[in-house]
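Visitor: First to last, the protein sequences are chains A and B. Going by the working numbering, the residue at position 43 of the first sequence is 43; the numbering climbs one at a time, nothing skipped. Going by the working numbering, the residue at position 31 of the second sequence is 31; the numbering climbs one at a time, nothing skipped.
No lab work stands behind these hints, which were simulated from the structure alone. Keep in mind that a hint or two might mislead.
[What the hints assert, rightly or not] Computed list of lysine-lysine pairs in DSBU-like fashion (alpha-carbon distance at most 35 Å, straight line):
#1 K8(B) <-> K113(A)
#2 K164(B) <-> K103(A)
#3 K113(A) <-> K110(B)
#4 K92(B) <-> K103(B)
#5 K164(B) <-> K65(B)
#6 K110(B) <-> K92(B)
#7 K8(B) <-> K92(B)
#8 K103(B) <-> K113(A)
#9 K113(A) <-> K103(A)
#10 K110(B) <-> K65(B)
#11 K92(B) <-> K65(B)
#12 K164(B) <-> K92(B)
#13 K164(B) <-> K103(B)
#14 K113(A) <-> K65(B)
#15 K8(B) <-> K65(B)
#16 K110(B) <-> K103(A)
[What the hints assert, rightly or not] According to the in silico footprint, chain A covers these stretches of chain B (three or more CB under 8 Å from chain A):
#17 1–9
#18 37–49
#19 105–119
#20 122–136
#21 141–153
A virtual CB, placed ideally from N, CA and C, is assigned to each residue, including glycine.
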Amino acid sequence: MAQQAGAGRRYVRAFVSGFFVAVPVTVTVLDRFAYVARVEGASMQPSLNPEGNVTGSDVVLLNRWSVRNYQVRRGDIVSVLSPKNPQQKIIKRVIALEGDFIKTLGYKNRYLKVPDGHFWIEGDHHGHSLDSNSFGPALRTPWRARCSVKCCVWCSHGVSLGLVHGRASHIIWPPNRWQRIEPSIPPERMPLLNWHADATEDEEKD
Amino acid sequence: MFRRVLGKTLGFLGYTVQYGCIAHCAFEYIGEFVACSGPSMEPTITSHDVVFSERLSRHLCRIEKGDIVIAKSPFDPHMNICKRVIGLEGDKICTSGPSDVFKTHQYVPKGHVWLEGDNLRNSTDSRSYGPVPYALIRGRVCLKLWPPHNFGALNQSPTGRIVKRSD
Chain A
1 MAQQAGAGRR YVRAFVSGFF VAVPVTVTVL DRFAYVARVE GASMQPSLNP
51 EGNVTGSDVV LLNRWSVRNY QVRRGDIVSV LSPKNPQQKI IKRVIALEGD
101 FIKTLGYKNR YLKVPDGHFW IEGDHHGHSL DSNSFGPALR TPWRARCSVK
151 CCVWCSHGVS LGLVHGRASH IIWPPNRWQR IEPSIPPERM PLLNWHADAT
201 EDEEKD
Chain B
1 MFRRVLGKTL GFLGYTVQYG CIAHCAFEYI GEFVACSGPS MEPTITSHDV
51 VFSERLSRHL CRIEKGDIVI AKSPFDPHMN ICKRVIGLEG DKICTSGPSD
101 VFKTHQYVPK GHVWLEGDNL RNSTDSRSYG PVPYALIRGR VCLKLWPPHN
151 FGALNQSPTG RIVKRSD
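My request is simple: use the sequences and hints to build the entire structure.
Guide: Okay, structure coming up:
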């Protein structure tokens with residue numbers, strides 16, 4: 001009887017000490033190093049979710065360590081905390097960084113300069129995506145009001161760099177879509193010129 | 001001999017990793033100590049004060065009007081700003097100065113907050129850079145720790161700019 005009580009107490013102690021190791025380590029890894037998320041929605045077709053939700057959504061690995069200093073590159077696919085709903089994350093491609101001049105699709109200022117500390121993101125599927133091009137406060141209801149990473153409506157001057165969550169580095173599910181995600185910008189969406197670049201570089205780009 | 005040293009080193013590393021992770025969880029989900037600088041929150045918080053900002057309210061989305069929050073600066077994510085929440089999403093903010101004849105208003109968009117410093121004359125806040133996304137908020141300041149003669153909770157807003165409830 002006493003032996004059983006002793007064994008039970010040992011199990012409880014082992015469980016509690018295991019719990020206090022596993023939970024903080026897992027939470028720290030998810031916050032600082034890598035995060036796994038399922039992509040929902042069609043705004044990043046054909047790069048992500050090419051068949052929509054019919055055959056199952058893509059699951060991506062988000063590298064949080066590489067964005068710890070808010071360093072993103074043009075062409076990266078990044079996950080961002082939504083400016084319209086702080087509990088949602090959205091996944092889009094970085095088109096332009098601070099100081100770039102870009103031509104917007106469908107927004108009233110056809111050309112604009114991305115302010116300091118902000119960057120411009122767009123979905124790959126332009127007909128289907130609510131992104132930095134959308135009219136800001138006019139659309140109040142998000143399209144598909146469901147979980148992990150989604151498309152949403154933003155501010156008209158880009159998204160603040162402080163909202164960046166992680167860089168999508170690999171597609172890890174379904175297995176036939178295992179691949180490393182390479183940064184690339186569609187050539188028609190390249191920024192026109194960069195305010196901070198050299199004058200000679202500007203002339204070449206134009 | 002070598003195996004014992006290796007064993008001890010690994011054990012030490014294991015404890016370091018474990019306590020480091022516990023510290024990360026505490027600072028990320030419970031609260032952190034912040035040293036403030038700048039005059040924008042005087043007289044409530046003066047430069048070089050140390051305050052404790054708790055993170056639970058931000059994660060549970062319970063930041064309310066009148067709270068002092070620490071947030072990432074919208075124009076420089078490496079800098080943090082300490083301001084008071086004047087309006088939440090949907091509120092109507094009066095953006096014209098007290099001396100202007102024609103009053104202008106702005107609605108705070110969904111998912112954003114309107115931040116202003118208590119020292120209105122010497123504060124760059126939402127009046128210059130617009131509403132701030134809620135997701136940039138890091139925590140709510142709840143306790144002033146230093147200087148010791150000012151220890152305790154923080155005062156209400158001295159500016160009277162907090163938007164009244166509309167219903």
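Visitor: Now tell me if each hint is right for this structure.
Guide: To see whether the hints hold, each was checked on the structure:
1. K8(B) <-> K113(A): 57 Å, violated
2. K164(B) <-> K103(A): 40 Å, violated
3. K113(A) <-> K110(B): 24 Å, holds
4. K92(B) <-> K103(B): 12 Å, holds
5. K164(B) <-> K65(B): Within the cut-off at roughly 9 Å; holds.
6. K110(B) <-> K92(B): 12 Å, holds
7. K8(B) <-> K92(B): 62 Å, violated
8. K103(B) <-> K113(A): Holds. K103(B) to K113(A) sits at ~29 Å (cutoff 35 Å).
9. K113(A) <-> K103(A): 9 Å, holds
10. K110(B) <-> K65(B): 15 Å, holds
11. K92(B) <-> K65(B): Holds, at about 13 Å.
12. K164(B) <-> K92(B): 9 Å, holds
13. K164(B) <-> K103(B): 17 Å, holds
14. K113(A) <-> K65(B): Holds. K113(A) to K65(B) sits at ~33 Å (cutoff 35 Å).
15. K8(B) <-> K65(B): 52 Å, violated
16. K110(B) <-> K103(A): Holds: K110(B) and K103(A) sit about 26 Å apart, inside 35 Å.
17. 1–9: Coverage by chain A is violated here, the residue count being 0 at a Cβ distance below 8 Å.
18. 37–49: Since three or more residues must qualify, the claim that chain A covers the stretch 37–49 of chain B is violated, with 0 doing so at under 8 Å.
19. 105–119: holds (count 5)
20. 122–136: holds (count 4)
21. 141–153: Not satisfied, violated; 0 residues make the cut.
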